[in-house]
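Enquirer: Here's the letter readout for the chains.
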Amino acid sequence: MSGEGGPLTATRPAPSAEDAAAAVSRMRDMSADLRGCAVLRSDGEALAASGDPERWQEAAAVLLGAADLAGEGQVDSLHVATEDGEVFAVRHRDLTMVAVSERFALASLMLFDIRTVLRDLAAGRGPAEGRV
Amino acid sequence: MNKPHRVLLERIAGYADEAAAYLRRRRIGRRPFARVYWSGGRSRDYPATTKTGRSLFLAAARLIEVGVERKARGD
Numbered sequence: 001m002s003g004e005g006g007p008l009t010a011t012r013p014a015p016s017a018e019d020a021a022a023a024v025s026r027m028r029d030m031s032a033d034l035r036g037c038a039v040l041r042s043d044g045e046a047l048a049a050s051g052d053p054e055r056w057q058e059a060a061a062v063l064l065g066a067a068d069l070a071g072e073g074q075v076d077s078l079h080v081a082t083e084d085g086e087v088f089a090v091r092h093r094d095l096t097m098v099a100v101s102e103r104f105a106l107a108s109l110m111l112f113d114i115r116t117v118l119r120d121l122a123a124g125r126g127p128a129e130g131r132v
Numbered sequence: 001m002n003k004p005h006r007v008l009l010e011r012i013a014g015y016a017d018e019a020a021a022y023l024r025r026r027r028i029g030r031r032p033f034a035r036v037y038w039s040g041g042r043s044r045d046y047p048a049t050t051k052t053g054r055s056l057f058l059a060a061a062r063l064i065e066v067g068v069e070r071k072a073r074g075d
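Residue numbers (this note's numbering), protein chains in the order written: chain R, 1 to 132; chain F, 1 to 75.
Don't take each hint at face value.
What the hints assert, rightly or not - Footprint (simulated), chain F over chain R, 3 or more residues, beta carbon under 8 Å: (1) 15-27; (2) 94-108; (3) 112-122.
Stated by the list, open to error - Pairwise CB distance ranges, derived in the manner of DEER restraints: (4) TYR15/F x GLY73/R: 26 to 34 Å; (5) ASP43/R x ARG27/F: 24 to 32 Å; (6) ASP84/R x ALA19/F: 38 to 46 Å; (7) TYR15/F x SER25/R: 21 to 29 Å; (8) GLU83/R x ASN2/F: 24 to 32 Å; (9) ALA21/F x ASP84/R: 42 to 50 Å; (10) ALA20/F x GLU83/R: 55 to 63 Å; (11) ASP29/R x VAL7/F: 33 to 41 Å; (12) ARG54/F x ASP43/R: 53 to 61 Å; (13) GLY40/F x PHE104/R: 23 to 31 Å; (14) ARG44/F x SER108/R: 37 to 45 Å; (15) SER16/R x VAL7/F: 14 to 22 Å.
Think of the hints as simulated: they come from the structure by calculation, not from any bench.
Note that beta-carbon positions come from the ideal geometry of N, C-alpha and C, so glycine has one too.
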């Protein structure tokens with residue numbers, strides 16, 4: 001996943017907030033179990049979120065920081081399942097998506113949806129172009 | 001002998017029963033977990049009793065609150 005190509009370059013500019021908002025909206029359309037999600041840049045700033053971006057940004061920073069401190073380098077993705085819901089985070093190039101879903105959401109589907117949306121966002125593809 | 005469409009319906013109902021039973025077992029048997037993946041396919045589970053596990057569960061709980069707040073507002 002993160003191994004696909006290097007960081008975003010001048011020829012592939014970072015996605016705009018509008019593109020990220022469209023990605024969040026697409027994610028909400030795709031995943032019935034989703035409660036909310038946010039797209040973050042590599043510096044941790046929220047490009048778009050389904051709620052208050054600052055709150056998502058703060059909470060996501062703590063989660064990703066805790067995971068990175070596990071001691072085996074920067075994490076690629078993570079899944080935390082609790083009694084109250086499930087949390088997913090996926091990194092792709094310079095972008096990260098953090099998502100919260102209902103309990104017992106199918107992890108493989110959630111991760112697939114997140115990866116698809118992030119990959120299209122990083123490649124500058126719109127929803128219609130990204131769909132197979 | 002059953003009519004062909006009955007055979008088909010029974011088979012589909014059988015699959016649905018199997019799927020429902022699987023989901024029931026999954027709900028009963030599943031415990032909270034925190035799983036981290038690195039590039040190259042490495043992954044590791046962190047029980048809540050470990051320092052990293054505790055941090056991950058606390059951070060996840062905060063994120064779930066953010067998601068619930070959004071839902072409660074009806075956005």
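Enquirer: Hint numbers the structure violates, sorted upward?
Expert: 1, 3, 4, 5, 6, 7, 8, 9, 10, 12, 14, 15
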